[in-house]
Amino acid sequence: MRKQIIIGGSTAFGISALLLATGLLKPTVKLVALSSLGIIPVSIIVSENIHRKANQKVLQLEKTLGDARTSREQLENVQDDNVRLSQSLTELKTELSRVQNSLSTVKTLNCNLKDSLQFTQAQLAVSSSQQAKLSEQVIEYEESYSNELESEVQQKVQEYITQDREALKSKYRALLEEGEVIYAEAMSISEKYKAWAGEVAKRHQDRKAYIMGLTGEFNKRIGEAQEAWEVERGHLITQIEALNEKVARLQQQLAGDLTESEYGQFGYSVEGKIANDIARWCWDNLQVPLSVKGYQKRSDGAVDVGYGYSHSTPVEALLRDLQRYSENIARSLGIHKIVTVRKLEIADLLVLSFRREPAIKEDDLKRLLTPIDKLATQVIREMSRKGTVRIMGATGDGKGVCARYLLSRIVTTLSWYIRLHDPQHGSEQDHWDIPKVSKSGTELKQALKKITSQMKDREVTKIHSPVTLDILDEIDTQLEKEDKKQFLNLISRIRHLGMKLILIGQNPKVGRAGFEWSDMAQMIAFYQGSCALDAIKKNPALELKKDILLKQYNEISSVFEAKNEWLDDNKKHYFGLCVIPGKNPQWYELPVADEIEIDG
114 MRKQIIIGGS TAFGISALLL ATGLLKPTVK LVALSSLGII PVSIIVSENI
164 HRKANQKVLQ LEKTLGDART SREQLENVQD DNVRLSQSLT ELKTELSRVQ
214 NSLSTVKTLN CNLKDSLQFT QAQLAVSSSQ QAKLSEQVIE YEESYSNELE
264 SEVQQKVQEY ITQDREALKS KYRALLEEGE VIYAEAMSIS EKYKAWAGEV
314 AKRHQDRKAY IMGLTGEFNK RIGEAQEAWE VERGHLITQI EALNEKVARL
364 QQQLAGDLTE SEYGQFGYSV EGKIANDIAR WCWDNLQVPL SVKGYQKRSD
414 GAVDVGYGYS HSTPVEALLR DLQRYSENIA RSLGIHKIVT VRKLEIADLL
464 VLSFRREPAI KEDDLKRLLT PIDKLATQVI REMSRKGTVR IMGATGDGKG
514 VCARYLLSRI VTTLSWYIRL HDPQHGSEQD HWDIPKVSKS GTELKQALKK
564 ITSQMKDREV TKIHSPVTLD ILDEIDTQLE KEDKKQFLNL ISRIRHLGMK
614 LILIGQNPKV GRAGFEWSDM AQMIAFYQGS CALDAIKKNP ALELKKDILL
664 KQYNEISSVF EAKNEWLDDN KKHYFGLCVI PGKNPQWYEL PVADEIEIDG
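For reference, each letter of the sequence shown is one residue, going 114 to 713 in our numbering.
The hints are simulated quantities; they were obtained by calculation from the structure and are not laboratory data. Keep in mind that this is a model prediction, so the values were computed, not measured. Any given hint might turn out to be false.
Said to hold, decoys possible - Here are the computed lysine-lysine pairs in the BS3-like style, where the Cα-Cα straight-line distance is at most 30 angstroms: (1) K594 x K569; (2) K227 x K450; (3) K696 x K598; (4) K575 x K598.
Claimed, not checked - Cβ-Cβ distance ranges computed for the label pairs, FRET-style: (5) K487 x D682: 47 to 53 angstroms; (6) Q378 x Y254: 38 to 44 angstroms; (7) D486 x R444: 29 to 35 angstroms; (8) K246 x K269: 32 to 38 angstroms; (9) N602 x A654: 19 to 25 angstroms; (10) V219 x D461: 45 to 51 angstroms.
All residues carry an ideal CB built from backbone N, CA and C; glycine is no exception.
Whenever a hint applies, use it, and build me the whole structure from the sequences.
Shown next, in the form of structure tokens:
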């Protein structure tokens with residue numbers, strides 16, 4: 114701008130000078146031109162001043178603008194701070210409200226606690242009062258008991274001391290009197306025999322020694338009396354301690370506690386003896402008294418034993434101790450394992466379960482037992498080689514069930530001519546429910562004669578049909594010893610003549626026929642229940658497998674004994690050992706009696 118003014122002024126000054134120099138202008142105009150020539154420098158100066166002021170103003174405005182910008186930034190910062198403060202204020206208000214709510218809750222809780230404290234203090238005051246009364250009673254009882262005891266002891270001791278003291282005093286007086294007599298005699302001798310002063314002095318020395326000895330003897334007797342009194346006092350204290358112990362035992366019994374283990378009376382039962390031995394082990398090793406209440410064998414072979422315990426003993430601690438030492442108890446008593454120890458919920462009893470032998474698993478039992486249908490098929494097939502089947506067992510071991518099952522399989526698979534001979538027809542043991550040829554001992558003996566006659570006829574005629582099967586029940590009670598050899602000859606000869614026998618009876622150690630275990634080699638033998646144990650021990654054919662068969666018998670019999678414990682006879686499970694000559698012995702389980710049907 115300043116440059117434009119200077120240039121404009123210079124141009125105007127040049128034009129005016131040119132016009133004046135050329136004389137082209139009029140005088141008035143020249144005057145004006147001269148005036149403008151004078152004004153131009155002034156304009157320049159004024160313009161310069163204006164420009165300077167304008168620059169100053171611009172600088173001031175720029176400074177003001179910078180200050181305004183700074184103020185605006187500060188204002189923005191202040192506004193941001195204000196927003197944050199507003200948010201903080203809102204949060205503080207929220208926090209204040211929450212704190213006020215918490216304070217109100219705390220005040221309420223404080224009031225409740227004050228009430229509870231007052232109630233507790235009241236209860237504490239009552240309890241303290243009761244405790245003080247009880248403490249006073251205990252102190253009073255203790256004082257009265259101690260006073261009475263001390264009084265009685267003092268009385269006894271005083272009586273003893275008085276009696277002994279009077280005796281000692283009497284003896285002491287007698288000794289003193291005797292000493293006085295001696296002293297009088299000595300004085301008399303001294304007066305009579307003053308000439309013998311040395312002798313008198315000697316006598317004085319003797320008397321002194323005697324008196325000293327007498328005093329020593331008296332002190333000795335007093336010491337002996339004191340020792341006797343101490344011994345008697347010790348005896349009295351021992352009696353008092355024994356009485357205190359008896360009182361403590363009676364108090365324990367009144368409180369329901371045991372003072373020592375109590376054992377059950379189970380006769381010759383092995384399980385009962387083990388139950389008692391467990392209680393005895395706990396008393397000897399843990400000083401824990403138990404009362405043997407009884408035992409029960411479970412179907413899985415384990416035995417549950419019920420034990421009573423002291424009410425003052427924490428049952429949880431007792432359970433922990435028995436569980437901790439269960440292996441030691443089992444090892445000490447020679448049983449397999451203590452399975453569980455638990456508290457009976459319906460009574461104050463501990464139930465301890467143990468096993469004498471390892472539990473036989475169901476799969477292992479199935480592997481030991483041959484399926485009865487498979488065994489029956491094998492036996493029927495073997496009867497072509499060994500025509501006689503012998504079924505043996507004690508009463509109630511399932512001989513009849515075994516015979517009926519075998520007969521049911523024969524009837525359904527073969528067309529044999531079957532004759533049943535039962536000398537106990539109509540008795541309680543008669544469960545055949547099928548027609549019989551012989552119904553008495555006399556008829557059975559006649560039937561044996563007919564069987565012998567049939568054998569001889571077939572040997573002559575060589576006609577071996579039809580195949581006959583004679584079932585002879587209670588054969589051991591019908592044969593005499595003189596008939597045994599003839600009967601064994603019959604068994605040996607009929608096997609190739611189409612004639613079969615099923616003999617039912619006791620094992621060879623029972624009966625009057627005189628059968629021996631070696632005679633079983635001519636027959637297929639079924640040993641029912643406990644009869645299998647006799648066969649394992651006595652039959653020479655089983656000697657090589659005796660140990661393993663005994664172990665198997667113990668495992669199987671324990672399972673079946675437990676299974677049959679609460680069952681009726683018609684529902685019981687029977688097992689046995691089948692020995693086919695030349696074959697391995699096989700264990701089997703019979704069907705339940707009610708499930709066997711004989712068609713035909």
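We went through each hint and held it up to the structure:
Only pairs whose Cα atoms come within 30 angstroms are accepted, and K594 paired with K569 is accepted, the gap being roughly 23 angstroms. Proximity of K227 to K450 is assessed by CA-CA distance (about 58 angstroms); at most 30 angstroms being required, the pair is judged violated. Annotation: proposed proximity of K696 to K598 holds, straight-line Cα distance about 26 angstroms (limit 30 angstroms). For the given pair, K575 sits about 24 angstroms from K598 by alpha-carbon distance, which is consistent with the 30 angstroms threshold.
Our hint of 47 to 53 angstroms for K487 and D682 is violated, since their Cβ atoms are close to 26 angstroms apart. Checked against the given bound of 38 to 44 angstroms, the beta carbons of Q378 and Y254, roughly 40 angstroms apart, stay inside it. For D486 and R444, the hinted distance range of 29 to 35 angstroms is not satisfied, since their beta carbons lie about 44 angstroms from each other. Against the hinted window of 32 to 38 angstroms, the Cβ-Cβ separation of K246 and K269 comes to about 35 angstroms, which satisfies the hint.
The hinted range of 19 to 25 angstroms is satisfied by N602 and A654, whose Cβ atoms lie roughly 21 angstroms apart. The beta-carbon spacing between V219 and D461, approximately 47 angstroms, falls within the hinted interval of 45 to 51 angstroms.
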